[in-house]
Amino acid sequence: MSAENPYAVELKKLSFKRGERDIFKNIDIRIPRGKVTGIMGPSGCGKTTLLRLIAAELKPSQGEVWVNGVNLPTLSRSDLFDMRKQMGVLFQSGALFTDLDVFENVAFPLRVHTQLPEEMIRDIVLMKLQAVGLRGALDLMPDELSGGMKRRVALARAIALDPQILMYDEPFVGQDPIAMGVLVRLIRLLSDALGITSIVVSHDLAETASIADYIYIVGDTQVLGQGTPAELKASEDPRVRQFMQGIPDGPVPFHFPATNYRDDLLGER
Amino acid sequence: MQNRTLEVGVGLFLLAGLLALLLLALRVSGLTVGSADNTYKVYAHFENIAGLTVRSKVTMAGVTIGKVTAIDLDRNSYMGRVTMMVDKAVDNLPADSTASILTAGLLGEKYIGISVGGEEEVLGDGGTIYDTQSSLVLEDLIGKFLLNSVNKDQAN
Amino acid sequence: MRKASLLERVRLFGRAGIDVVATLGRSGLFLLRALFGRGSTGNGFQLLVKQLYSIGVMSLAIIIVSGIFIGMVLSLQGFSILAQYGSEQAVGQMVALTLLRELGPVVTALLFAGRAGSALTAEIGNMKSTEQLSSLAMIGVDPLKYIVAPRLWAGFISMPLLAMIFSVVGIWGGAMVAVDWLGVYEGSFWANMQSSVSFREDVLNGVIKSIVFAFVVTWIAVFQGYDCEPTSEGISRATTKTVVYASLAVLGLDFILTALMFGDF
Numbered sequence: 001m002s003a004e005n006p007y008a009v010e011l012k013k014l015s016f017k018r019g020e021r022d023i024f025k026n027i028d029i030r031i032p033r034g035k036v037t038g039i040m041g042p043s044g045c046g047k048t049t050l051l052r053l054i055a056a057e058l059k060p061s062q063g064e065v066w067v068n069g070v071n072l073p074t075l076s077r078s079d080l081f082d083m084r085k086q087m088g089v090l091f092q093s094g095a096l097f098t099d100l101d102v103f104e105n106v107a108f109p110l111r112v113h114t115q116l117p118e119e120m121i122r123d124i125v126l127m128k129l130q131a132v133g134l135r136g137a138l139d140l141m142p143d144e145l146s147g148g149m150k151r152r153v154a155l156a157r158a159i160a161l162d163p164q165i166l167m168y169d170e171p172f173v174g175q176d177p178i179a180m181g182v183l184v185r186l187i188r189l190l191s192d193a194l195g196i197t198s199i200v201v202s203h204d205l206a207e208t209a210s211i212a213d214y215i216y217i218v219g220d221t222q223v224l225g226q227g228t229p230a231e232l233k234a235s236e237d238p239r240v241r242q243f244m245q246g247i248p249d250g251p252v253p254f255h256f257p258a259t260n261y262r263d264d265l266l267g268e269r
Numbered sequence: 001m002q003n004r005t006l007e008v009g010v011g012l013f014l015l016a017g018l019l020a021l022l023l024l025a026l027r028v029s030g031l032t033v034g035s036a037d038n039t040y041k042v043y044a045h046f047e048n049i050a051g052l053t054v055r056s057k058v059t060m061a062g063v064t065i066g067k068v069t070a071i072d073l074d075r076n077s078y079m080g081r082v083t084m085m086v087d088k089a090v091d092n093l094p095a096d097s098t099a100s101i102l103t104a105g106l107l108g109e110k111y112i113g114i115s116v117g118g119e120e121e122v123l124g125d126g127g128t129i130y131d132t133q134s135s136l137v138l139e140d141l142i143g144k145f146l147l148n149s150v151n152k153d154q155a156n
Numbered sequence: 001m002r003k004a005s006l007l008e009r010v011r012l013f014g015r016a017g018i019d020v021v022a023t024l025g026r027s028g029l030f031l032l033r034a035l036f037g038r039g040s041t042g043n044g045f046q047l048l049v050k051q052l053y054s055i056g057v058m059s060l061a062i063i064i065v066s067g068i069f070i071g072m073v074l075s076l077q078g079f080s081i082l083a084q085y086g087s088e089q090a091v092g093q094m095v096a097l098t099l100l101r102e103l104g105p106v107v108t109a110l111l112f113a114g115r116a117g118s119a120l121t122a123e124i125g126n127m128k129s130t131e132q133l134s135s136l137a138m139i140g141v142d143p144l145k146y147i148v149a150p151r152l153w154a155g156f157i158s159m160p161l162l163a164m165i166f167s168v169v170g171i172w173g174g175a176m177v178a179v180d181w182l183g184v185y186e187g188s189f190w191a192n193m194q195s196s197v198s199f200r201e202d203v204l205n206g207v208i209k210s211i212v213f214a215f216v217v218t219w220i221a222v223f224q225g226y227d228c229e230p231t232s233e234g235i236s237r238a239t240t241k242t243v244v245y246a247s248l249a250v251l252g253l254d255f256i257l258t259a260l261m262f263g264d265f
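Order-wise, the sequence lines are chains A, B and C. Counting from 1, position 188 in the first sequence corresponds to residue 188 in the UniProt record's numbering; the numbering is continuous, with no gaps. Counting from 1, position 124 in the second sequence corresponds to residue 124 in the UniProt record's numbering; the numbering is continuous, with no gaps. Counting from 1, position 170 in the third sequence corresponds to residue 170 in the UniProt record's numbering; the numbering is continuous, with no gaps.
Here chain A stands alone, though its shape is the one from the complex (with noise of 0.2 Å):
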């Protein structure tokens, strides 16, 4: 497939089974080309697992996953990890490789796929680092830094290899106002700066929407509803209401499914 083609992530009728209850059903999905696309929906219905799946960490149990005009599912083991060179994903906790420092942490994808000189790589984890706002936290080990620090090195380690495509997943969860501004501004940068294709994962409302040129919204195994983030205010169907405007009992139910209250309190046991 050409680099013609606007989107660089397309879900094809993809259905994904955990044991014996389905994740996704069946749906189609496509993460269009240097946007920020934002994949929201309540907790637990499965959006990290969709990102796992475009990581194709996690096989579909039928679909098909197209990633830059290929079909990850098909690929072998060692091909995986090649085209992986192109992604990169911001992982909740950041995921920091605890036994090296953060000029290590960074430099670490550069030194397994390159052979740059020691110097080149210097160089380009500064920038990174610079990126970031922490070039000063060069020789720090990852567990004397807070949370949002953690995140901002993971992303970047995450960009050392100017990926193509940047997923993050959850980035907003567990910072405080200063720390998630400053990752909202950094994704919105790295993305219209670079051109970067951005995924983001998150259940949060506000700053999603504040980025996002694109929202999917998930949840049931399907897709509930997609659109720009003013249309999806403007949405009237209810799923998405409910979920837009936070309202605790709706489509999705408040309560999990149970058998009858008046049953259970009064009868026999």
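Calculated directly from the structure, the hints in this document are not laboratory data. Worth double-checking, as some hints may not be accurate.
Unchecked claim - Between beta-carbon pairs, the in silico distance windows are:
no.	chain 1	residue 1	chain 2	residue 2	range
1	C	I18	A	T48	27 to 37 Å
2	C	F262	B	N3	37 to 47 Å
3	C	T258	B	L12	50 to 60 Å
What the hints assert, rightly or not - Not everything, but these chain A residues come out facing chain C in the computed CB check (under 7 Å):
no.	residue
4	F81
5	R84
6	V89
7	S93
8	A95
9	F97
10	V112
11	A193
12	G195
13	Y261
14	R262
Backbone N, C-alpha and C define an ideal beta-carbon position, used for all residues, glycine too.
Assemble chains B and C onto chain A, guided by the hints.
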């Protein structure tokens, strides 16, 4: 550099392992390098070698001077033939030396004790000791005792 | 809960059996991929050295201390029994054979499972739960080659060395007690030992045993870490499993190996 201490540590560990193997080989199992070079072969014929095994030691005056390397039956004489490797340092064993099968302690292992003879001629490589005293077989002794055929002369 | 019908119980039993076989298969594939899979990580040698340090060198202290004590106890016990038959000088032989054939490999493997094995499981499990393994995979580095393989090799190399060191210090401890304390004549102590210990039969067979144990214990430890549920509860369960499974495997295998090696004596 921290890497350096790491490498040195691992190096010492590997050396310690090799040293352990060396100690086990030389000190514990008594493996000697090129042992064939400084020993010579002596044979002895016994009527009964019961209990003696290969690797049993050969002593003289309580000092170990060699070991048993093979035990087989001499087809012609129906006697047990024991092959011993004796240290080159003890190359002056008189030809009429006696070999006897002894026991260390009451129930201990069997070994060969050599008592010196009086002849001028010495046992060379491949020499044979004819004057031997066989292994003490407890069952035989008891049998003789029961049959009352043990007299004071034999019992000595 | 309703009482399970017989059919249901049979079904559960069958499922448990299939689960066990599946886990075995998964761990086998895991081992093959880690050891022989394609793709290198560049500085593999340095990774190995690092793991040799944290697996082998860090286990030295416990191995040496336990070795000395076990040797001393063997000597003490052996002496009091052998003295009843007037063959105290055989104590060296007894200590050496016991250590070389059995206690060296077995106790080293058990201590190794407790010290290094549990640490390996916890470390890899922790990497899994903090998504370090995932993020390695996303950087395009196979965690089987980068994380698992060096640890496996380090375990395979370390344990036989540790077992030999264990035997040596054990024999030394035994000699110390027998010769210096109980008054066994030093010459007969060593001479008896040397005349009864065969390098090929005893020393090498002991080393073979510990190579087998190294393989099994490290495999179990690393696999349990890699396969664990990525929660703190899952990690602690996996760590327990490592120690239990590894110990049982070592003891069971020891019986089989002993029967094969020394059975016809």
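Verification of the supplied hints:
no.: 1; hint: C:I18 x A:T48: 27 to 37 Å; verdict: 29 Å, holds
no.: 2; hint: C:F262 x B:N3: 37 to 47 Å; verdict: 44 Å, holds
no.: 3; hint: C:T258 x B:L12: 50 to 60 Å; verdict: 32 Å, violated
no.: 4; hint: F81; verdict: 5 Å, holds
no.: 5; hint: R84; verdict: 4 Å, holds
no.: 6; hint: V89; verdict: 4 Å, holds
no.: 7; hint: S93; verdict: 5 Å, holds
no.: 8; hint: A95; verdict: 4 Å, holds
no.: 9; hint: F97; verdict: 6 Å, holds
no.: 10; hint: V112; verdict: 5 Å, holds
no.: 11; hint: A193; verdict: 22 Å, violated
no.: 12; hint: G195; verdict: 20 Å, violated
no.: 13; hint: Y261; verdict: 21 Å, violated
no.: 14; hint: R262; verdict: 22 Å, violated
This entry does not satisfy hints 3, 11, 12, 13 and 14, going by the numbered hints stated previously.
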